[in-house]
Amino acid sequence: MNLQLDQDGRLRHFLTVEGLPPALLTQILDTAESFSSVIGKSVKKVPLLRGRTVMNLFFEASTRTRTTFELAAKRLSADVINLDISTSSAVKGESLLDTLWTLEAMQCDMFVVRHRDSGAAHFIARHVRPGVSVINAGDGRHAHPTQAMLDMFTIRQHKGDFAPLVVAIVGDILHSRVARSQIHALNALGVAEVRVIGPRTLLPRDIDDLGARVFYDMRSGLRDVDVVCMLRLQRERMEGALLPSEAEFFRRYGLTEDKLALAKPDAIVMHPGPINRGVEIDSAVADGPRSVILPQVTNGIAVRMAVMSLAMQATGEAA
Amino acid sequence: MNLQLDQDGRLRHFLTVEGLPPALLTQILDTAESFSSVIGKSVKKVPLLRGRTVMNLFFEASTRTRTTFELAAKRLSADVINLDISTSSAVKGESLLDTLWTLEAMQCDMFVVRHRDSGAAHFIARHVRPGVSVINAGDGRHAHPTQAMLDMFTIRQHKGDFAPLVVAIVGDILHSRVARSQIHALNALGVAEVRVIGPRTLLPRDIDDLGARVFYDMRSGLRDVDVVCMLRLQRERMEGALLPSEAEFFRRYGLTEDKLALAKPDAIVMHPGPINRGVEIDSAVADGPRSVILPQVTNGIAVRMAVMSLAMQATGEAA
Amino acid sequence: MNLQLDQDGRLRHFLTVEGLPPALLTQILDTAESFSSVIGKSVKKVPLLRGRTVMNLFFEASTRTRTTFELAAKRLSADVINLDISTSSAVKGESLLDTLWTLEAMQCDMFVVRHRDSGAAHFIARHVRPGVSVINAGDGRHAHPTQAMLDMFTIRQHKGDFAPLVVAIVGDILHSRVARSQIHALNALGVAEVRVIGPRTLLPRDIDDLGARVFYDMRSGLRDVDVVCMLRLQRERMEGALLPSEAEFFRRYGLTEDKLALAKPDAIVMHPGPINRGVEIDSAVADGPRSVILPQVTNGIAVRMAVMSLAMQATGEAA
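Residue numbers (our numbering), protein chains in the order written: chain A, 1 to 319; chain B, 1 to 319; chain C, 1 to 319.
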């Protein structure tokens with residue numbers, strides 16, 4: 001049985017896009033769309049999670065991601081507790097479980113979990129009691145499913161139908177939980193082709209199994225694509241000798257207007273942020289008319305509201 | 001006059017269990033019971049403290065305790081401000097009073113105070129203006145009254161009547177504010193016998209005055225008790241040469257199923273948390289059928305809601 | 001065009017008192033007066049900013065100031081996000097703008113900005129989108145306009161009419177954003193005379209342009225004044241050899257009952273806090289009958305509520 005679904009097939013935890021039925025992904029997008037109009041208004045609140053308690057359990061600091069979940073929860077009228085937990089807690093140590101059980105006993109309804117270790121959110125989801133939902137806010141190299149879903153939302157917003165689309169993901173695929181989640185989501189939603197573009201050193205060995213066509217040359221890879229998803233280059237990779245230099249990376253894989261001209265004329269450019277200007281993307285592109293980087297952020301709130309409210313619907317009745 | 005009561009004998013501050021009339025302790029337990037059912041629901045909020053401002057004044061970091069007070073206040077619909085104040089502020093220095101007066105002038109209604117110095121909460125309570133309540137969230141070795149009251153609540157929940165009970169408190173009594181508050185509460189509520197069990201080096205000299213029977217041998221002390229309250233062993237005491245070693249402590253005073261078998265068959269096991277597995281308590285006991293450690297956490301929210309709402313009733317009219 | 005006003009002359013951002021029409025300053029004071037009565041009640045909330053999101057963007061830590069803005073926003077029923085941003089972000093670097101645009105894309109309605117660099121709040125205000133307001137919570141030596149307005153509110157509360165008043169500002173004028181904002185506000189509201197009192201080393205060179213009469217001798221400067229505004233002495237200035245010693249500073253510029261006797265019999269004493277007792281002010285004066293230091297704190301909440309709600313009125317329609 002899928003850990004993420006309840007017995008009626010509804011979303012209980014949101015841990016990874018992998019293995020979720022396409023209809024459920026579409027339901028998330030549709031629900032997010034209904035919140036999208038609320039967010040633009042001056043009164044942005046809906047009472048769906050009133051009286052519910054959401055705990056942001058960040059074992060790895062990420063002010064930006066935490067803020068989007070905090071805002072999403074507050075706009076659903078939930079009470080939010082932020083807990084920045086030292087990274088020293090081992091994922092599988094008993095101390096983490098004791099911490100979890102204690103927080104659960106405070107009758108919280110949802111854990112939003114960020115952890116540097118792959119699998120942390122799954123581990124936690126396997127150990128919570130029936131009434132509690134777990135949302136993965138990024139675990140190691142594994143998954144960042146709300147990021148992938150806000151990307152899907154943004155693509156649908158601009159392109160409508162997924163079926164005819166060719167989507168390229170560019171950069172450090174190997175270390176990116178975002179890329180993994182994107183590839184799963186794009187395939188589940190039925191795009192025509194997913195491409196990954198990057199140097200050999202930054203592509204995972206199992207890339208063929210993921211369902212993506214590999215390009216080492218960016219110009220070939222970008223030809224006639226509808227969507228370009230740039231990835232953030234983690235600068236610490238440079239030191240690991242996986243890459244020659246920032247300048248060299250930018251020359252080969254940085255998105256410039258020149259390279260973007262090879263894509264379709266109405267192609268959109270996405271990036272999960274924060275962007276490294278002049279490293280993986282040129283400012284002219286990031287701030288240009290095809291960039292939907294800031295709409296992605298706005299959509300991120302709506303998508304997180306959708307995931308949270310759907311998960312609470314399922315657990316609300318189970319509790 | 002009792003600093004904790006207003007002129008009508010109602011709870012104004014909650015600083016220590018010591019000296020409070022038993023009827024008031026029972027009132028706290030009864031009020032907590034009424035909140036207990038609310039906490040289990042999906043909408044856990046009551047509007048009793050709407051528009052009130054609660055400030056968590058933590059001079060000593062304690063994420064766990066702060067979170068329980070923050071949740072209790074939010075479930076009462078109060079606005080909560082968390083202030084982590086450096087421990088460098090001297091309790092009796094003028095700077096602390098200036099800080100207090102400034103926060104008071106922001107029209108806050110309640111200070112929840114945690115401090116490493118015994119007497120800090122009393123000091124603050126003596127200096128606040130009429131409309132402000134002070135709740136002690138732990139001061140030095142002195143008191144941790146909401147912890148004691150959640151223990152009483154948990155005992156009453158499982159045992160009903162206090163009168164026939166024999167309760168044993170085990171471990172480092174000397175350094176424990178929890179033990180002090182428990183002994184006062186148990187005696188005030190009229191249990192048949194309070195026992196303290198621990199090595200000579202970890203028992204206070206004035207233990208006879210507190211109203212507890214002393215046992216140095218755990219097996220003798222646990223015989224036929226109804227309730228076992230384990231204390232957390234502060235590991236830093238080890239270095240102070242008060243204790244031989246963790247293994248030796250566990251052998252003599254750690255709660256195992258073997259030792260627990262000497263208590264009554266329906267005895268319950270409590271612990272204020274976080275537990276040190278294998279130091280003061282064996283995992284088989286902590287996770288076993290007699291453990292009420294996690295219900296204690298849940299009850300802690302209801303008890304804190306009770307204390308906060310009662311104190312606000314008294315000061316609300318005085319203000 | 002004034003960056004702070006919308007096309008209808010209403011307050012959009014509150015960056016500095018300088019250049020604002022006196023009628024608008026009076027409107028802020030009048031609006032604050034209407035909130036002042038609310039703050040004293042047990043239910044202190046008004047729904048004016050319900051559903052709005054206020055972000056406290058503190059590039060420089062100031063728990064006290066942040067708390068007043070957080071309380072003001074919560075009492076207006078806004079959702080508040082606190083972001084303590086490392087001071088390493090350069091004001092004019094692209095990374096600050098990317099951070100801002102990202103936060104904006106989360107659909108926040110207001111930034112409360114504290115920064116050690118003069119001009120930071122203006123820079124941010126120049127770059128936000130139409131629907132977003134910026135409130136300056138102190139930028140470098142430049143301005144602290146809500147502090148100045150709460151001072152004006154306190155003066156009006158005690159003195160009624162500004163026209164006949166002589167107001168003295170005492171201490172380290174050179175490094176004080178508070179003094180600059182006070183001088184602008186007092187002149188705009190039409191007081192009879194503004195005096196600045198301090199040693200030559202702590203007076204700015206352009207002091208004559210600001211519209212204040214300079215006194216190096218405190219006894220001459222205090223003669224017959226209606227209001228004494230003391231400034232906090234930043235102790236780190238001492239090391240910079242701008243001052244001989246704290247004791248010497250107190251002897252010459254510390255406010256004692258003896259010196260205060262030279263002011264009018266009903267003169268009031270103000271201080272932005274936190275006070276250095278025995279450095280710039282004697283405890284007998286700070287705690288004495290003429291001190292309005294704590295009422296200033298209370299008024300600070302009402303004034304911040306006023307500025308926030310006025311700015312939201314203007315941007316609410318523009319958005």
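Treat each hint with caution, since some may be false.
Identical copies go unnamed one by one, so any copy, or any two together, can satisfy a pair.
Unchecked claim - No more than 20 Å apart at the CA atoms, straight line, and that leaves these computed lysine to any residue pairs for SDA-like:
hint, residue 1, residue 2
1, K45, A105
2, K45, Q313
3, K41, V128
4, K264, L310
5, K259, D117
6, K45, S95
7, K45, E104
8, K41, P130
9, K41, A105
10, K45, L25
11, K45, S77
12, K41, Q313
13, K41, S77
14, K264, I207
15, K45, G131
16, K41, R129
17, K41, G131
18, K259, H122
19, K41, W101
It should be emphasised that the hints constitute simulated quantities derived from the structure, not laboratory data.
All values derive from a computational prediction rather than experimental measurement.
Against the structure, the hints come out as follows:
no.: 1; hint: K45 / A105; result: between (28 Å within a copy, 17 Å between copies)
no.: 2; hint: K45 / Q313; result: both (18 Å within a copy, 18 Å between copies)
no.: 3; hint: K41 / V128; result: between (36 Å within a copy, 17 Å between copies)
no.: 4; hint: K264 / L310; result: neither (36 Å within a copy, 47 Å between copies)
no.: 5; hint: K259 / D117; result: neither (35 Å within a copy, 39 Å between copies)
no.: 6; hint: K45 / S95; result: neither (36 Å within a copy, 30 Å between copies)
no.: 7; hint: K45 / E104; result: between (26 Å within a copy, 17 Å between copies)
no.: 8; hint: K41 / P130; result: between (35 Å within a copy, 14 Å between copies)
no.: 9; hint: K41 / A105; result: between (36 Å within a copy, 13 Å between copies)
no.: 10; hint: K45 / L25; result: neither (24 Å within a copy, 32 Å between copies)
no.: 11; hint: K45 / S77; result: both (6 Å within a copy, 11 Å between copies)
no.: 12; hint: K41 / Q313; result: between (24 Å within a copy, 14 Å between copies)
no.: 13; hint: K41 / S77; result: both (15 Å within a copy, 16 Å between copies)
no.: 14; hint: K264 / I207; result: neither (25 Å within a copy, 61 Å between copies)
no.: 15; hint: K45 / G131; result: between (24 Å within a copy, 17 Å between copies)
no.: 16; hint: K41 / R129; result: between (36 Å within a copy, 15 Å between copies)
no.: 17; hint: K41 / G131; result: between (32 Å within a copy, 11 Å between copies)
no.: 18; hint: K259 / H122; result: neither (39 Å within a copy, 37 Å between copies)
no.: 19; hint: K41 / W101; result: between (38 Å within a copy, 18 Å between copies)
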